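Engineer: Using the sequences and the hints, build the whole thing.
Chains as they are written, first to last, in the working numbering: chain D, 1170 to 1663; chain L, 6 to 250.
FYI, nobody ran anything at the bench for these hints, they're computed from the structure. The model shown is predicted, which means the values in this text are computed figures rather than measured ones. You may find that some hints are simply not true.
Claimed, not checked - In silico DSSO-like pairs for lysine-lysine, Cα to Cα no more than 27 angstroms straight-line: (1) Lys1609/D - Lys186/L; (2) Lys39/L - Lys9/L; (3) Lys1556/D - Lys79/L; (4) Lys79/L - Lys1537/D; (5) Lys75/L - Lys1556/D; (6) Lys75/L - Lys1537/D; (7) Lys149/L - Lys1548/D; (8) Lys186/L - Lys1610/D; (9) Lys168/L - Lys1609/D; (10) Lys168/L - Lys1610/D; (11) Lys149/L - Lys1567/D; (12) Lys1567/D - Lys79/L; (13) Lys1537/D - Lys149/L.
Said to hold, decoys possible - Facing chain L, from chain D, some residues (calculated, C-beta under 10 angstroms): (14) Lys1537; (15) Gln1553; (16) Asp1557; (17) His1640.
Heads up, the beta-carbon is just placed ideally off N, CA and C, and yes, glycines get one too.
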Amino acid sequence: MKNRTQSYLTEPLWLYVHFPKLASEAVLSVMNNASVDKPVVVVNRQNNAQRVACYNEPAKQWGIEKALSLSTALAICPELVVLAKNPRQEQQLLKQLAVIAYSFSSDVIIDTEGLWLELSTSELLFNGYTPLLKRLHRQISSLSITATNGIGKSPLAAKVLCTEHFHTHLPNNLQIMDALEATSLEVLPSNKRQQQTFKQLGLITIGELIKLPRSALSQRFSPDLLETLELLLGEKPYSAPRFQPATEFYDDMQNPQGIYNKEGLAFPMETLLRRFHHYLIARQCQCAEIIWQFEPLLGASQSMTVNLSDSSQDCGNLLDLSRLHLERLNLPLSIERISLFCNQFTTSSNPVFDLFDNLKAENCPSSKLIDCLHARLGKNAISQITKDAEHLPELASKITHIGSQPSTQSQHKLKETQQPIWLLPVPAPIRMYRRQLYWKKPLTIVRGPERICANWWQSEQQRDYYLASDHLGAHYWIYRESTDNTWFLHGVFA
Amino acid sequence: MPNKEILHNLFHRQDTWRGRNRSLRNRVVTTGFKDLNQLLLGGWPLSGLTELISPQDGIGEVSLLLPTIKHYVKQNTLCVWLNPPYQPNAQALLEADISLDQLLLVHTQNSREWLWAAEQIIRNNALLSAWTTGIEPNYAALRKLQLASSESLTPAFLFSPIKALNSPSPARLRMGLNSEKANILNVTLHKLKGKMPGAKTQIVFSNHQTERTPLNKLPVNIHYPEIPQPDYQIPKKDTLKRLNT
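Structural biologist: In structure tokens:
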């Protein structure tokens, strides 16, 4: 039964995590007020009658059980809170849990009310199964979801062996086999006729079924029972599609009552960013841009883009930046739905570090500062200076906004004249009054002319530059245009 | 013992001044000018605001900071200029040996944004040169910046107009600048811990020798034109030798 190749590899070990209260938790997660103390019941429509699908602890104490009709339940407990089943929300919740589980194992399969994880490959990474299970339980409980688990050699065995609690200790192989054999046949997925036949044959536990020869079983029962047995014992691999996290991230949170102010948005944004963080870890990538969308009940939705100059996985930083962007945004009166979308991912680059070097690279704080300033002040507020190789000073020194980083900057020093620190991008004309130059105060020329003659292809410029000062000691860089003898102020020395 | 710890913390705080200036000397960065270093007991204070007050722009206040900016840019620290009065000239900064990728210019619209941006820049350990013309921060705002910069390790510079002298300021160092002659800056100390106000000094900026020679000193290639001799007789006049300009 075991191939030679399989004996070299570790045997597969499957974990089935069951969420018994998935329906109620899915519905309660949408509503803001988690009414924990009141008995809550989720009903499902079956055959023209509304039956109880899920109930919580206080409801259990009142005596409510599964498959009761709604009228019976209301008769038992008058102050029951009744909620309708929301399958879409359940699927979304399962997907989120699958993303969390994806960071524990690469083989994740989604079931109707649970998840399967293949654990044998993750043992070394987590230093043993117990820490792995404890961590998984902690992450699932942080979303306030109850879970129970079962462990087996095959997925079906794990599901069959599912118990009431979440076990963090792994049973050994013998215990698993014993538990499997001791399980009663009713748990096995089979139809009513097969169950009747089991009773007629006097078979109670799975162990007794396994002991019978297969050829005899194939004669008496349909082939799908044999297939179920083979899946149970791990002879046949379970071929269900494995869960893959989607290539784009889209998640939203709805609030039927509507959020009216910006502070109320903080909690849903934080929750969405936390889910995004799990997704990034599961896919081992980083993001550079996320898009928020705020939808009101009536009217157009508003979208807000948050850019990072340096792609990262840090969600705390993303939350701060999103909040800063939010302050500048005009939102409609009441927001019904908040969604987060991201489809630009970059693979995370491992930081190169030196074994003997204790200093950390200080690039991170400056990009964080730039992001922060961007978020609050807007893109146009921040700029950098670049130098072009031009003769005319106003063309040589340019201001560029952050983001359009010029890769080639001619930074070599030409032996030019001494230039002022402040430059006026457009030279300002100076008045000449009674043979005295005026720029708010009378100017006197200090140093002689230097000629810059350039730009003949656009407009012939022949300028004589002088250094001038006024009586307070400030120095100016003025020039006289040779074509029409007008004086201009081009720069201020500081 | 808890008392010893409290005393230790108290002694090593930034705003505790121990007699004989013992704790002040290590928290300065050199200004680049010897006279100024002597005046300021070592250089610019590393933690705390420095306020430079000048009657108008253009007398040399930024040139005073150029060596410090150069020093920090070489260490890969971001240098941010907040609301500069004019556009900086790339050529002049390159001549002062300052690489342009570490320089950032930020323009804000109102005083709240200015204050927020200044605080963020200081908290992120970037070198701040901020101009307060048009903003006129009050004592509370300046105190906020002073507190932020007392926790950071890079100096922060504020350029204020001369009417800021009338109002008190929590800055650690306050200097007045004015100049009467070209390239000579007069520095007056208004406030510094450990020194009496009123001390003065003069900073002389060295003139860069330019490579270009002025026009009237150019060695011109003088050659005289050949005037052909006519073959008929004309009354001779003195032929003036003309320069080929």
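Engineer: All hints, please: hold or fail.
Structural biologist: Structure-based check of each hint:
1. Among the hinted pairs, Lys1609/D with Lys186/L is consistent with the structure: their alpha-carbon atoms are about 18 angstroms apart, no more than 27 angstroms.
2. The straight-line distance between the Cα atoms of Lys39/L and Lys9/L is roughly 39 angstroms, outside the 27 angstroms bound, and the hint therefore fails.
3. Taken as a hint, the Lys1556/D and Lys79/L pair is honoured in the structure, with Cα atoms around 19 angstroms apart against an allowance of 27 angstroms.
4. Between Lys79/L and Lys1537/D the CA atoms are separated by roughly 20 angstroms; this keeps the pair inside 27 angstroms, and the hint holds.
5. A distance of roughly 17 angstroms separates the Cα atoms of Lys75/L and Lys1556/D; the hinted pair therefore holds under the 27 angstroms criterion.
6. For the hint linking Lys75/L to Lys1537/D, the alpha-carbon distance of about 22 angstroms falls within 27 angstroms, and the restraint holds.
7. Of the supplied pair hints, the one linking Lys149/L and Lys1548/D holds, its CA atoms being roughly 26 angstroms apart against a limit of 27 angstroms.
8. At most 27 angstroms may separate the alpha-carbon atoms for a hinted pair to count; Lys186/L and Lys1610/D meet this at roughly 16 angstroms.
9. Only pairs whose Cα atoms come within 27 angstroms are accepted, and Lys168/L paired with Lys1609/D is accepted, the gap being roughly 19 angstroms.
10. Taken as a hint, the Lys168/L and Lys1610/D pair is honoured in the structure, with Cα atoms around 20 angstroms apart against an allowance of 27 angstroms.
11. For the given pair, Lys149/L sits about 34 angstroms from Lys1567/D by alpha-carbon distance, which is inconsistent with the 27 angstroms threshold.
12. About 22 angstroms separates the Cα atoms of Lys1567/D and Lys79/L, which keeps this hinted pair within 27 angstroms; it holds.
13. Taking the CA atoms of Lys1537/D and Lys149/L, the gap is near 21 angstroms; set against the 27 angstroms cutoff, the hint holds.
14. Interface hint at Lys1537/D: satisfied, since its Cβ lies 7 angstroms from the closest Cβ of chain L, which is below the 10 angstroms cut-off.
15. The beta carbon of Gln1553/D is positioned within 10 angstroms of a beta carbon in chain L (closest approach about 6 angstroms), and the interface hint is therefore held.
16. Contact between Asp1557/D and chain L, as hinted, is supported at the beta carbon level, the nearest pair being about 8 angstroms apart and thus within 10 angstroms.
17. A least Cβ separation of about 8 angstroms between His1640/D and chain L falls short of the 10 angstroms threshold, and the interface hint therefore holds.
Figure legend: structure checked against the earlier numbered hints; hints not met, in rising order: 2 and 11.
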